[in-house]
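**Student:** Turn these sequences into a full structure, and let the hints guide you.
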Amino acid sequence: MKKKWLWWCLLLLTGLSSGCWDQRELERLAIVSGIGIDLHPDGENYQVSFQIIRPDDVLGGRGGTGGGGGGGANKPFWTLKAEGKTVFDAIRNATFESSRRLFLSHNEVVIINEEVAKKGIFPIIEFLMRDAEPRLSEWLLVTPDQAEKVLQVESKLEKVPAAGIAHQLQTYHATSKVRAVSLYDFANHFVQKKTAGTMPVIRIVETDGEKILKLEKTAVFKEDKLAGDLDYRETRGLLWVLGEVRGGIIVLELPDDGATVSIEISEATGKISAVVKERPLKMQVEIDLEAILGGQSTEQNLVTPEKTNFLEKLTAEAITGEVEAALSKARQLGADIFGFAEHLHRYHPQVWKELQKEWESYFRQLDVTIKVKVLIAEVGLTRRPAILFGE
Amino acid sequence: MFRFLLRKLRLAQQFKENATPSAGYRLHKSLEENIALFRAELGESPDVAIRRFTLNLKKGIKAAIIFVEGLMDQQVVYDCILHPLMIEAKKETWTVDSDLLGFIQENLITASGLAQEDRFPPLVDAVLGGDTVLLIDGQTAALVVSTKNWEKRAIEEPDTEVTIMGPRDGFTEDLRTNTALLRRKINYPGLVFEQMVIGRRTRTTVVVAYVQGIANEKIVEEVKARLKRINTDMILDANYLTEFITDAPFSPFPTIAYTERPDVAAARLLEGRVAVLVNNTPTILMMPSLFIEAFQSPDDYNDHFLYATFIRWLRYLAFLMSFLLPALFVALTSYHQELIPTPLLISMAAAVEGTPFPVVIEVVAMGAVFEIIREAGVRLARPIGQTISIVGALVIGEAVVSAGLVAAPTVIVVALTAITSFVVPKQQEIAIILRLTLAVLAGILGAYGIIIGLLFTLAHLASLRSFGVPYFSPVIPLQVGDLKDVAVRAPLWAMWTRPQALEGQDSKRQNFGERVPSSIAAEEPDRPPSAPGKRKKEEKNRKK
Numbered sequence: 031m032k033k034k035w036l037w038w039c040l041l042l043l044t045g046l047s048s049g050c051w052d053q054r055e056l057e058r059l060a061i062v063s064g065i066g067i068d069l070h071p072d073g074e075n076y077q078v079s080f081q082i083i084r085p086d087d088v089l090g091g092r093g094g095t096g097g098g099g100g101g102g103a104n105k106p107f108w109t110l111k112a113e114g115k116t117v118f119d120a121i122r123n124a125t126f127e128s129s130r131r132l133f134l135s136h137n138e139v140v141i142i143n144e145e146v147a148k149k150g151i152f153p154i155i156e157f158l159m160r161d162a163e164p165r166l167s168e169w170l171l172v173t174p175d176q177a178e179k180v181l182q183v184e185s186k187l188e189k190v191p192a193a194g195i196a197h198q199l200q201t202y203h204a205t206s207k208v209r210a211v212s213l214y215d216f217a218n219h220f221v222q223k224k225t226a227g228t229m230p231v232i233r234i235v236e237t238d239g240e241k242i243l244k245l246e247k248t249a250v251f252k253e254d255k256l257a258g259d260l261d262y263r264e265t266r267g268l269l270w271v272l273g274e275v276r277g278g279i280i281v282l283e284l285p286d287d288g289a290t291v292s293i294e295i296s297e298a299t300g301k302i303s304a305v306v307k308e309r310p311l312k313m314q315v316e317i318d319l320e321a322i323l324g325g326q327s328t329e330q331n332l333v334t335p336e337k338t339n340f341l342e343k344l345t346a347e348a349i350t351g352e353v354e355a356a357l358s359k360a361r362q363l364g365a366d367i368f369g370f371a372e373h374l375h376r377y378h379p380q381v382w383k384e385l386q387k388e389w390e391s392y393f394r395q396l397d398v399t400i401k402v403k404v405l406i407a408e409v410g411l412t413r414r415p416a417i418l419f420g421e
Numbered sequence: 005m006f007r008f009l010l011r012k013l014r015l016a017q018q019f020k021e022n023a024t025p026s027a028g029y030r031l032h033k034s035l036e037e038n039i040a041l042f043r044a045e046l047g048e049s050p051d052v053a054i055r056r057f058t059l060n061l062k063k064g065i066k067a068a069i070i071f072v073e074g075l076m077d078q079q080v081v082y083d084c085i086l087h088p089l090m091i092e093a094k095k096e097t098w099t100v101d102s103d104l105l106g107f108i109q110e111n112l113i114t115a116s117g118l119a120q121e122d123r124f125p126p127l128v129d130a131v132l133g134g135d136t137v138l139l140i141d142g143q144t145a146a147l148v149v150s151t152k153n154w155e156k157r158a159i160e161e162p163d164t165e166v167t168i169m170g171p172r173d174g175f176t177e178d179l180r181t182n183t184a185l186l187r188r189k190i191n192y193p194g195l196v197f198e199q200m201v202i203g204r205r206t207r208t209t210v211v212v213a214y215v216q217g218i219a220n221e222k223i224v225e226e227v228k229a230r231l232k233r234i235n236t237d238m239i240l241d242a243n244y245l246t247e248f249i250t251d252a253p254f255s256p257f258p259t260i261a262y263t264e265r266p267d268v269a270a271a272r273l274l275e276g277r278v279a280v281l282v283n284n285t286p287t288i289l290m291m292p293s294l295f296i297e298a299f300q301s302p303d304d305y306n307d308h309f310l311y312a313t314f315i316r317w318l319r320y321l322a323f324l325m326s327f328l329l330p331a332l333f334v335a336l337t338s339y340h341q342e343l344i345p346t347p348l349l350i351s352m353a354a355a356v357e358g359t360p361f362p363v364v365i366e367v368v369a370m371g372a373v374f375e376i377i378r379e380a381g382v383r384l385a386r387p388i389g390q391t392i393s394i395v396g397a398l399v400i401g402e403a404v405v406s407a408g409l410v411a412a413p414t415v416i417v418v419a420l421t422a423i424t425s426f427v428v429p430k431q432q433e434i435a436i437i438l439r440l441t442l443a444v445l446a447g448i449l450g451a452y453g454i455i456i457g458l459l460f461t462l463a464h465l466a467s468l469r470s471f472g473v474p475y476f477s478p479v480i481p482l483q484v485g486d487l488k489d490v491a492v493r494a495p496l497w498a499m500w501t502r503p504q505a506l507e508g509q510d511s512k513r514q515n516f517g518e519r520v521p522s523s524i525a526a527e528e529p530d531r532p533p534s535a536p537g538k539r540k541k542e543e544k545n546r547k548k
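If you're matching them up, the sequences are chains B and X in order. For the first sequence, the working numbering assigns the number 31 to the initial residue and increments by one for each residue that follows. For the second sequence, the working numbering assigns the number 5 to the initial residue and increments by one for each residue that follows.
Derived from the structure by calculation, the hints contain no laboratory data. Check each hint, because a few of them may be wrong.
Label-pair ranges, simulated between beta-carbon atoms [said to hold, decoys possible]:
{"#": "1", "chain 1": "B", "residue 1": "R165", "chain 2": "X", "residue 2": "A372", "range": "19 to 27 Å"}
{"#": "2", "chain 1": "X", "residue 1": "P256", "chain 2": "B", "residue 2": "W37", "range": "19 to 27 Å"}
{"#": "3", "chain 1": "B", "residue 1": "T290", "chain 2": "X", "residue 2": "W317", "range": "50 to 58 Å"}
{"#": "4", "chain 1": "B", "residue 1": "R165", "chain 2": "X", "residue 2": "R172", "range": "51 to 59 Å"}
{"#": "5", "chain 1": "B", "residue 1": "L36", "chain 2": "X", "residue 2": "A369", "range": "30 to 38 Å"}
If you want a taste of the chain B side facing chain X, the calculated C-beta under 10 Å gives, among others [what the hints assert, rightly or not]:
{"#": "6", "residue": "R54"}
{"#": "7", "residue": "I61"}
{"#": "8", "residue": "L89"}
{"#": "9", "residue": "E236"}
{"#": "10", "residue": "D238"}
{"#": "11", "residue": "G239"}
Residues of chain X clear of chain B, computed beta-carbon distances all greater than 10 Å [stated by the list, open to error]:
{"#": "12", "residue": "L86"}
{"#": "13", "residue": "A93"}
{"#": "14", "residue": "E110"}
{"#": "15", "residue": "R123"}
{"#": "16", "residue": "E160"}
{"#": "17", "residue": "E161"}
{"#": "18", "residue": "T208"}
{"#": "19", "residue": "E225"}
{"#": "20", "residue": "R319"}
{"#": "21", "residue": "T337"}
{"#": "22", "residue": "S351"}
{"#": "23", "residue": "A498"}
{"#": "24", "residue": "M499"}
Ideal placement from N, C-alpha and C gives every residue a C-beta, glycine not left out.
**Tutor:** Next comes the structure, spelled out in structure tokens:
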């Protein structure tokens, strides 16, 4: 009987002594929605800014709860700056100015200043991966502006700007000209052989005297350092190869009457393969596309077998052009953004061992054949042009 | 603490050796002496009436009847005893041989229930039980005439177990009515009632009911043995028995079920369970009882089986919510904020902003307030009950939030648990205990605390037994066959076996999947040896 109680006590003790937990009341937390990382003017330290949500003011218009706040007069967020030798140090130093402990689990975006990116982002990624609070799903972005200023730009639609940026990224499949990269995706590049990481670039633009945020270009990293960037066309070229194209419009120009035709991407896959029998080896990219005829500016009926075949050919050419553009940029930067090296390492390890040493120079002259298969499977709600003039 | 209680129990056992009058002393020959005996035993209570009269048979013989007013039928006493003995007897010329009592018994008294008795204590019992005792001068035996009749409540639909469809009758306080109700449901000779008297002072009649050929005889014997061992002086309600004979007296889980509905009782009896009916209470006990029974409502068998299955799963969900929701809420808001979706977290953070107490205290306090309101509502006179709900809803719900004392989500969570806890009324008490314990555990340890609490509860549940039957079966131990009335509510024709957990004798209700009973089987009532149960079919037929 005595022994039994002892066992119970031990069982309870093991329960209590394991793991780390701490109670944190909701009202004692500062919920961080965005982190911006800049270089401190002294050039040594990081200056980290946090976008902290003010829940009462987010709900603002809904009235009700608090008597004190005074409602919608306040911004729904507060930007807090802190500096430190490392990002972690800066996060802890932030409590000098904040009444609450920073809570990173709901952080949605990490915006990295170009200068920081050029210096190398390894320590930042390492911290974000190691610490228990930040999520692997948070989005990474690079900005040529001050990251702190980017965080302060109010979203025109969302109450919390960081959430606005996250949504902006997630709509990438409307064009497939921007790449959304999460912490997890990017960290994967560090694991892969010689694959260059990419990140979307965001910057502040002014239209009609108002500041808004715009996604443009894609930053290319060699190892952990910023090396260059891809424009919209090149970005889609990259996404074709990676098989990440989810949607978007390809605009064709008909050679006979110069009319434009919009082809909507409905489903696309991309596949890399290697031909290793002969040297120099060849890489092959196969792209498979199912598309929709989305609009035309000519009266002629394009839904005939010949015309459709012709359109498919034109589309394939356009895609090839986009991939070529991305390829030449990558060759120029010497950055293997497509993951050719990783493919070789996985499927042809012997070959990879051979090429490992001089891969970068090898990559610059790599022969890549692009095969594109296009099928225009749908034509929308009408077969002939939607409006027929003079009939 | 348990040991202390056990020691108390043992002490109490020692008091049992209270002298009950050593039964068996007999009547005297003289009427006056016998009346004096009764007077001495029953005292001068005004409700005990002794009516002396002369028995007009041949020569006048002195006689008396003794009864308790209010427990007997005046009309019966007059028509069946006084009138024949005083008036009818005079008219005829009888030849009475030596056995005067036998003669009266056979020729004069017209009451249906009649017995001779020569020992004194049973006579006193009979008088107190509402019968009339006829004493005749010079006889060492008396006649006990059954004249029981008292004010009874009508058969009504029980408030505690309301159904939408199905029969509306409920048990009453009268034992005879209750046994009759069961007989009416189960028109089968195998239905056995065994009577015993428990309680030294209340002398409560208790009936053990079971269906011979279906119920496990070992369980029947166990029930009877446990009942016989009770030695207390009062049994006022069925629950008095429950606490004496339950398997795990300290467990909050009820291992003995109760019902006020004859249809439920009949169904349970035909599954092989034993019922215990207690005089003067409308609740009857059923054992062995399984955890899962609380989730089976009589309506399940009246509705379409698909709908019944859906509703049953809703009940499981509601039960889980009723004890888990506050704990999860506490754990999420004070430990695992990363698990809450961001927009929800913002709304919750805004609501919590500025409230003075930690969430645990809010939840526990609001839970306690709700229980107080509920308790007040139950105890209060009906007309005032409404006031309580208004005060509860307005003051507690609305004012507390707008005063900023408690966050609105807390009120929502407490209100939701309150509603869900009424979905499974038979496990409601456990839900309340679990809810508070888990909420406090969650407040100390977060989700980890909830898991510890649930593990302990589950371990306890799995180790409980009700009269030898694992309480958590058919889930633990898994009995796939029995899941037909647990995981789903299978169509009645597919529930062709009785619950296997009960280990009854005749496990087959009907042939497998037989939907249309053959005409012969429908016409001929079953006899004990074969006895395939047909309760559902019978219920169905009756409704038509």
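**Student:** Please go over all the hints and tell whether each is borne out by the structure.
**Tutor:** Status of each hint after checking the structure:
1. B:R165 - X:A372: 19 to 27 Å: About 37 Å separates the Cβ atoms of R165 of chain B and A372 of chain X, which means 19 to 27 Å is violated.
2. X:P256 - B:W37: 19 to 27 Å: 23 Å, holds
3. B:T290 - X:W317: 50 to 58 Å: 56 Å, holds
4. B:R165 - X:R172: 51 to 59 Å: For R165 of chain B and R172 of chain X the Cβ distance comes to about 58 Å; the hint holds.
5. B:L36 - X:A369: 30 to 38 Å: Taking Cβ atoms as reference, L36 of chain B and A369 of chain X lie about 36 Å apart, which means the hint holds.
6. R54: Check passed: Cβ of R54 of chain B comes within 7 Å of chain X, closer than 10 Å.
7. I61: 7 Å, holds
8. L89: 5 Å, holds
9. E236: 29 Å, violated
10. D238: 30 Å, violated
11. G239: Since chain X brings no Cβ nearer than about 30 Å to G239 of chain B, farther than 10 Å, the hint is violated.
12. L86: 68 Å, holds
13. A93: The claim holds: A93 of chain X sits with its nearest Cβ about 74 Å from chain B, beyond 10 Å.
14. E110: 67 Å, holds
15. R123: 50 Å, holds
16. E160: 47 Å, holds
17. E161: 44 Å, holds
18. T208: Correct as stated: the minimum Cβ-Cβ distance to chain B is 37 Å, above 10 Å.
19. E225: 31 Å, holds
20. R319: With a cut-off of 10 Å, R319 of chain X remains clear of chain B, as the shortest Cβ separation is near 32 Å.
21. T337: Since the minimum Cβ distance to chain B is about 5 Å, T337 of chain X lies within 10 Å and the statement is violated.
22. S351: Violated, because the least Cβ-Cβ distance between S351 of chain X and chain B comes to about 6 Å, which does not exceed 10 Å.
23. A498: 44 Å, holds
24. M499: At about 41 Å from chain B, M499 of chain X clears the 10 Å cut-off, so the statement holds.
In the structure shown, a violation is registered for the earlier hints numbered 1, 9, 10, 11, 21 and 22, in ascending order.
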